[in-house]
Amino acid sequence: MKLHSNPWLRTAYARLWVRAKSIYGEPLWVAVNIGFPFFTSFSLTMVYRAYGLNSFTGFAILGGVMISFWGNVLWSMASQFNWDKQVGLFEIYITSPAPISAILVGMSLGGILGTAPSAAMVAILGWLIFHPPINAIWPAVISVFALTLASLYAMGMALSSLYLAYGREADSVNEALHEPVSLISGVYFPSTGGFSPFPLAVQAGASLIPLTLGMDALRRTLFFGQGFGELYLDLELLALAIMGVILLFASSKALMFLENKGRRTGTIAVRQR
Amino acid sequence: MSLRAMVASIRVGWYREFNWTNPLTGFSLRTVGPLASVIAASTVYYVGSTNNVPPSFEPSRLAYILIGAALYAHVAAYSWVPTLAIAEGKWTYVFPQVYMSPHSSLPYLIGRTLASFVTSTMTVIVSLVLSFYVLSSVFHTNIPFMVNPLSVSLLFLAMLVNILAALGLGLLLSAYALFATKFEWALPTYVAGLLMVFSEALFPVSFLPWPLSAIANVLPFTEFMRASRQAMIQGGTVYSYFSYLGLAVLGGIVVLALGFLAFRYAENRARRLGVIDKKTA
Amino acid sequence: MLDQRLNDARKVPEDQPGLRNVMNRVDAEITVQVDGLRREFDSKEGKIVALDGINLQVRKGEIFGVLGPNGAGKTTMIRILSTLLLPTAGKAGVMGFDVEKEPEKIRAVINMASGAERAGYDFISARGNLWFFSQLYGIPTEEAHRRINELSDMLGLQSYLDRKFYALSTGYKQRVTLVRAFINDPKVVFLDEPTIGLDVMTALSIREYILKQAKEYGRTIILATHNMAEVDAICNRVAIIDKGKILACDTPAALKRSLGAPSLILEVSPIPTPGSLEPIGKLEGVKGFTSSVDEERGLSRIQVVIDGDGSAQSVVDSIRKSGMTVVSNWRQQATLEEVFVALVGRGFREREHEAA
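Chains as they are written, first to last, in this note's numbering: chain A, 1 to 273; chain B, 1001 to 1281; chain C, 2001 to 2356.
No lab work stands behind these hints, which were simulated from the structure alone.
Hints are not guaranteed to be accurate.
Calculated pairs, DSSO-like style, for lysine-lysine (alpha carbon to alpha carbon, straight line, at most 30 Å) [said to hold, decoys possible]:
| no. | chain 1 | residue 1 | chain 2 | residue 2 |
| --- | --- | --- | --- | --- |
| 1 | C | K2164 | C | K2105 |
| 2 | C | K2173 | B | K1278 |
| 3 | C | K2321 | C | K2101 |
| 4 | C | K2105 | C | K2212 |
| 5 | C | K2243 | C | K2187 |
| 6 | A | K261 | C | K2105 |
| 7 | C | K2245 | A | K261 |
| 8 | A | K261 | C | K2164 |
| 9 | C | K2044 | C | K2243 |
| 10 | C | K2164 | B | K1278 |
| 11 | C | K2047 | C | K2101 |
| 12 | A | K261 | C | K2091 |
| 13 | C | K2321 | C | K2282 |
| 14 | A | K261 | C | K2044 |
| 15 | C | K2256 | A | K261 |
| 16 | A | K253 | C | K2091 |
| 17 | C | K2245 | C | K2187 |
| 18 | B | K1182 | A | K261 |
| 19 | C | K2060 | C | K2105 |
| 20 | B | K1182 | C | K2164 |
| 21 | C | K2282 | A | K261 |
| 22 | C | K2282 | C | K2212 |
These numbers come from a predicted model, not from an experiment.
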């Protein structure tokens, strides 16, 4: 099928292009994006190292990599439509025949592509500086990583529809969500399973966030040599896949609902600035 | 320097701090992030040390990280407010108007910083208290904090002294923001990250390789962290506290002086380049 | 010179008699149909009626002006027709499709732009932005670039296409917006205050562009504005709207002709106190009036729409009776603002003050 014959693919590609081009067109963006994840990851790796906990240093480096994507999901997916609404882009999307799902998918893929260089730099620098102990089954690592990103960005799509209902508070909500989610989903330490210091109820709640399962599965495959066929890992992957599908479905329904509600109440095109 | 302008700026800063929502919502949203990051940093140590072979958990280290993470969040929150005020102000055209009014740009930036200092002090108190209780109960451990009128007063004194260095850093960053026509957030973000590494927030800077450890050792922020720990963690002494505080004052004055100089230079240069009222991308 | 070009552009070219038919014939295809359209909004003070039973028909190739003060209901009407808002009651259709039930079909054949909008991705070039918007309509890349070049040429944007969006001035960002509004070869385009805040020359070139789009490509353009000169310059027909109701709908010339006598302008001194001019509105033969203050000269200018020469003297007498001196007075050919004054009894500015 040729690209131009499919408007959905065309729209998704164009949205991907805009996002990736915005970042790659300004190489400084990559440097800017590395900053905070790298230094946070560096500091927490130093916590492990300074107190003689060398075998765990990889957790903090992996955390730095994944926090880049979580930040991207929050700031450039979840609140993106809210910002688009403020500058008048959202009404252009709505008044065009383009499917909103294509815009969301394009935005996600563009976000992954745009975040990849900074995430990779965090990984490379972390590895070069700290040489964390790695015991990886690479095909499993790659599959888990891809599945984690897919369901993480599906969560971003679902959040984007929720954020549309918010006004000016979106920035504050982002700030308020960023750290708590990274805490509870165990970005820098295992928040579920045998290593977790959290009560079971908290662990169960945390497992509803795709990042939690994704981080745990990544640690298993990257540092503990687990691969497909390990029951717990397989269950985590299945749960991640189911979550991704549910979130995709929920986001599409929620957006449709909000579009109709916006048309009824007149809030689709209300700019806040 | 206009006191009236500074008071008005504190008022505006107060509303901005809560993102123009009501204070309760604004405060809750502002506090939940720092609280989570304090708990996360402490948990990193707890998980590592209790699962280590053999286990090596020490409550005093947990207290060390808890205090450092909370105070780091405090400094990081308000030291970049001048940059925020300029970058946002260029976009809304508030900053050029402030700049054009007589002798108002510095009182404006200082006022905004002080407003942020007040709110982030409230945030750090709530973070410290809540994380202390959460971590004590979840980890079933006694965190060796020293909480009495003297120790709390000494902590506040250290926080007040640290305004010198934080404001100086804020002015240094805002000197950059005056020039910036894009990526105005880049430098403050980097500096906030560097501060986490170099201010002894989470680990002793002696673990950094030379000369990085030497640089970290002379920063007033590092002395502020050390003084605060002397005040709040059992085993600290008043003598050590005042030694560190003295160094924090000296360093703070130097950074503040550098900040003023840089800001004045940047003002003139930005006028020459015509970027004071240039909107950022 | 540009004014002359505008006048020339309004004329239907001799070699396109078909287009003349499209613009003039009452049986040309109806592209926008509105019947009893009503829209209410909830507010703390209760229901606000933004549109109160509007009816209109717009035909292919027409530039249809919707003229009214801020808050009259112009933008609400455009938002309904462009599928962003649902009506509370009544029907509206674009190209034969119902706005309520068939928004997807409408979206494929319309586009819209607002003067308040500066929508674009900052770190992408103007061309990159326009290509992106063209993809929302599924236009093949080669064709998209051909259209971008063609439309940019018309607006003098060609040499700015490779600049990043954030680096463009307000006027050029607005040009990008206007290229975007026509990128999908739309049948109907909704423009909301497209020249607001722009300098005179930019505004003129944009009007010329809009005229060309209607005349050469037979597009229907619905232009919401409170700029009378703009309506006078480019609109085939205009609906005057106030408080959600259409007060009159005709060609600008016919509306002005409908006033009959030229209006009366008086300069009075001292500046009247609030309410002291109210008696003028009640005089027989006076359709309405509007006033403005000239602080520098210490006088007030009153513009009175009258239905015959006989009423002029009674206006002058009334002003004198109120203790003011008529410094000078003259008659002036009617403008669209006077049409509005005649219909509402107040000018745009007074109406907006009342609404506030």
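Structure-based check of all given hints:
| no. | hint | in the structure |
| --- | --- | --- |
| 1 | C/K2164 x C/K2105 | violated, 33 Å |
| 2 | C/K2173 x B/K1278 | holds, 16 Å |
| 3 | C/K2321 x C/K2101 | violated, 60 Å |
| 4 | C/K2105 x C/K2212 | holds, 25 Å |
| 5 | C/K2243 x C/K2187 | holds, 29 Å |
| 6 | A/K261 x C/K2105 | holds, 20 Å |
| 7 | C/K2245 x A/K261 | holds, 26 Å |
| 8 | A/K261 x C/K2164 | violated, 35 Å |
| 9 | C/K2044 x C/K2243 | holds, 19 Å |
| 10 | C/K2164 x B/K1278 | holds, 15 Å |
| 11 | C/K2047 x C/K2101 | holds, 25 Å |
| 12 | A/K261 x C/K2091 | holds, 19 Å |
| 13 | C/K2321 x C/K2282 | holds, 14 Å |
| 14 | A/K261 x C/K2044 | holds, 19 Å |
| 15 | C/K2256 x A/K261 | violated, 42 Å |
| 16 | A/K253 x C/K2091 | holds, 27 Å |
| 17 | C/K2245 x C/K2187 | holds, 26 Å |
| 18 | B/K1182 x A/K261 | violated, 37 Å |
| 19 | C/K2060 x C/K2105 | holds, 18 Å |
| 20 | B/K1182 x C/K2164 | holds, 12 Å |
| 21 | C/K2282 x A/K261 | violated, 46 Å |
| 22 | C/K2282 x C/K2212 | violated, 45 Å |
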